Amino acid sequence: MILTRFAKVAAIAAIGTLSLAACGGTTTTSTDSASSAASSAASSASSTETSASASQSAGGTELTCPAGKINGGGSSAQDIAMQALTKEYNSLCSANGSEVIYTKSGSGQGIKDFYNKQLQWAGSDSALKTEPKDGVVETEKVKARCGGNEGWNLPMIVGPVAFAYNLDGVDKLTVTPAIVADIYAGKITTWNDKALAAANPGVTLPAEKIAPFFRADESGTSENVTKYLKAAAPKNFTAETSKTFPAKVGEGKQGTQGVADAIKSTKGGFGYVEWKYAQDAQLGVSSVDNGSGAVELTAENAGKAMESAKIVGTGNDLALKLKYDGTPAGVYPMVMVTYEIVCSAGLDQAQGALMKDFLTYMTTPEAVTTLQSAGYAPLPEAVATKVSTAIQALK
Amino acid sequence: MNQPAEPLRAATLEPEDHDTLAHLAGAADESPVGKHLTPETRGRITIPHVELAPPTKGPDRFFSGLTVTTGVVIVAMIAAIAIFLVASAVGPLSRNQVNFLTSTRWDISDQNLAFGIAALLWTTVLSSIVAMVIAVPVAMGVALLITHYAPSRVGRVVGFLVDLLAAVPSIVYGLWGARVFAPWLKPFGDWLSDTLGFIPLFERGVTSAGTVFAASLVLAIMILPIITAISRDVFDQTPRDHIEAAWALGATKWEMIRIAVIPYGRSGSIAAAMLGLGRALGETIAVMLILSTVPGFSWSLFSGGQTFASLIARGAPEFDSPTKAGAYIAAGLVLFVLTFAVNGVARAVAAGGKKG
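In order, the protein sequence lines correspond to chains V and W. First residue of the first sequence? That's 1 in our numbering, and the numbers climb one at a time after it. First residue of the second sequence? That's 1001 in our numbering, and the numbers climb one at a time after it.
A hint or two may mislead.
[Unchecked claim] Cβ-Cβ distance ranges computed for the label pairs, FRET-style:
(1) V:Gln83 with W:Pro1322: 26 to 32 Å
(2) V:Ala197 with W:Phe1084: 39 to 45 Å
(3) V:Asp168 with W:Thr1102: 26 to 32 Å
(4) W:Pro1322 with V:Thr389: 47 to 53 Å
(5) W:Arg1179 with V:Lys133: 34 to 40 Å
(6) V:Pro132 with W:Gly1296: 29 to 35 Å
(7) W:Arg1204 with V:Thr314: 54 to 60 Å
(8) W:Thr1339 with V:Gly315: 18 to 24 Å
(9) V:Gly97 with W:Ala1118: 54 to 60 Å
(10) V:Ala207 with W:Gly1296: 45 to 51 Å
Source of the hints: derived by calculation from the structure; they are not laboratory data. Computed from a predicted structure; not experimentally measured. Even for Gly, the Cβ is constructed at its ideal location relative to N, Cα and C.
Generate coordinates for the entire structure from the input sequences, incorporating the hints supplied.
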């Protein structure tokens, strides 16, 4: 699947550069295989180095592929997405030597490295904080880093979180936020509990014990799940929102992979994991009933959660507040939005151009396809338009 | 046991005599005689010959300078680490709302700093001790097999294979432990906790395979090669005379090993075991991947938990404030002191062993 996608992108790239190749007087006759297309594209581009810039096109959006290198980093929740996107962008723009690198280090660390000028942008699970924490106001720090210009939070990657389970013979399960909160509080301990039975009419649930799993390490995923539970089931979930999951029972496992592995190898296992991991481990994925009926987890349903989100940033700063409770029918509520935090202006010219070009690439249909096959949800039209406007306004 | 060993002990002086001579001979390295020393010629070097080479020559001074420098650098580094740990830990410790040494809580959110190391200390020490209990006898057995029982060719192969265990990176042990070994071990663990569950140490804890017991067994495998390798070298160096003497007394093979090999290798193998213990105490990734964390605290081997190292490694990606980092560093400081204490005890035991 990745190969064919690569082939598509490479073919588009090749077509884009064919005209240039013709200008350079090189005759390229065969584009029958992806690799030869890509290599001829590369060679033709390098043979026309004298032309101002060899631009690439992806899905109708012109990429300028400015030469240079930018580094971003932070949130590990968007790491899979960013690795796939940077890889494709770098290969699309390899002729010009554009290089974009993303390194996961945790959201807090990413923001810190960004304002300490070690990175050109940060990936983060939460928007920049406007209130002081440990004597540091993130927005102020970022403003200083960007030469007095504002930092913008651009919500670009939406990751649905699945409530995954391992139960023989149960291929459809619905949970409510209250049930999830009660499972982690130790109030619901068996799968045939009354509350679960009520949420799953017509489904025979076994009398097995529930083995709840959660993240042992601090994570943005835990933070988002606690935010969701606190908003959607305030009576059942009484703990504070936190990057460390406040479970009263169950076991913590290292990383999303650790949680997914544990659910897979434990009968009766239950836990929250990023959707992609649940799919890869072939775990059961629960539908969520947020009060207006059970909603299955699909990319589309998860994307809809963004539509009801409120923009709390001003202008092109698109910091969001997700609506977790009382979502309309057909919306899968448990999603996590991660941001690209960038300077609205103030990077040096070459880096600024590359930043803008890469973010533009992230909004192309190719990039969206890549994101979806990596287990992320697409941005709904309304949000995507705003993000595109903000990117165009970057200096 | 002391009676027959007595005459042998006088002989232990002999290798030291050899060492002294070899050292003196080394100083006379440039002399034609000193260049090609064989065990036979070594004994014939006379003291007057050595005195011909004055001890204050350039290379000699350079070498002694070098050793002093390396020594000072190491000590300075340890001191610097200790200072860094203490300096970073003081702030959060002064704001800590619970007793750092006796609390089992680990809450490092900014508003409510309450962290203690009791649970960590217990899990760390418990897992390391269980690992030692399993690894040390096995390692000693393998070392003796290689040096005294197996034919030398077989011994070499076994030794090579054990050394190979040391070349496996700990993340591989972690993944293997978490995905293969721990689930495989689970039925045995379940049986143990069903049978002996009335003892708190064996109480049933977690549902998954990520128990302290599983982590300890993987640790045992991880520290096996280092203990085996050093013990093997030490046992291998048992002076021929001691062994011959034991044979001459009419000892059986086991008696020979008991009165000649083990007393000679005792301090060395204790040092080896302590190196292994050091590794077990500080092992990070493997433990982090295998061990489940649990809300609250449990004494049981069949529950989950956190060791110092696994806690710090789990927290490291999100050290977004000095307070938070400081709390983890305070835990690191305790591990530092613990390792120091273990080393001190090991030295004392090893030294005690030498004096008899």
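For each hint, the structure was consulted:
no. : hint                                : result
1   : V:Gln83 with W:Pro1322: 26 to 32 Å  : holds, 30 Å
2   : V:Ala197 with W:Phe1084: 39 to 45 Å : violated, 56 Å
3   : V:Asp168 with W:Thr1102: 26 to 32 Å : violated, 45 Å
4   : W:Pro1322 with V:Thr389: 47 to 53 Å : violated, 38 Å
5   : W:Arg1179 with V:Lys133: 34 to 40 Å : holds, 38 Å
6   : V:Pro132 with W:Gly1296: 29 to 35 Å : holds, 33 Å
7   : W:Arg1204 with V:Thr314: 54 to 60 Å : holds, 55 Å
8   : W:Thr1339 with V:Gly315: 18 to 24 Å : violated, 54 Å
9   : V:Gly97 with W:Ala1118: 54 to 60 Å  : holds, 56 Å
10  : V:Ala207 with W:Gly1296: 45 to 51 Å : violated, 26 Å
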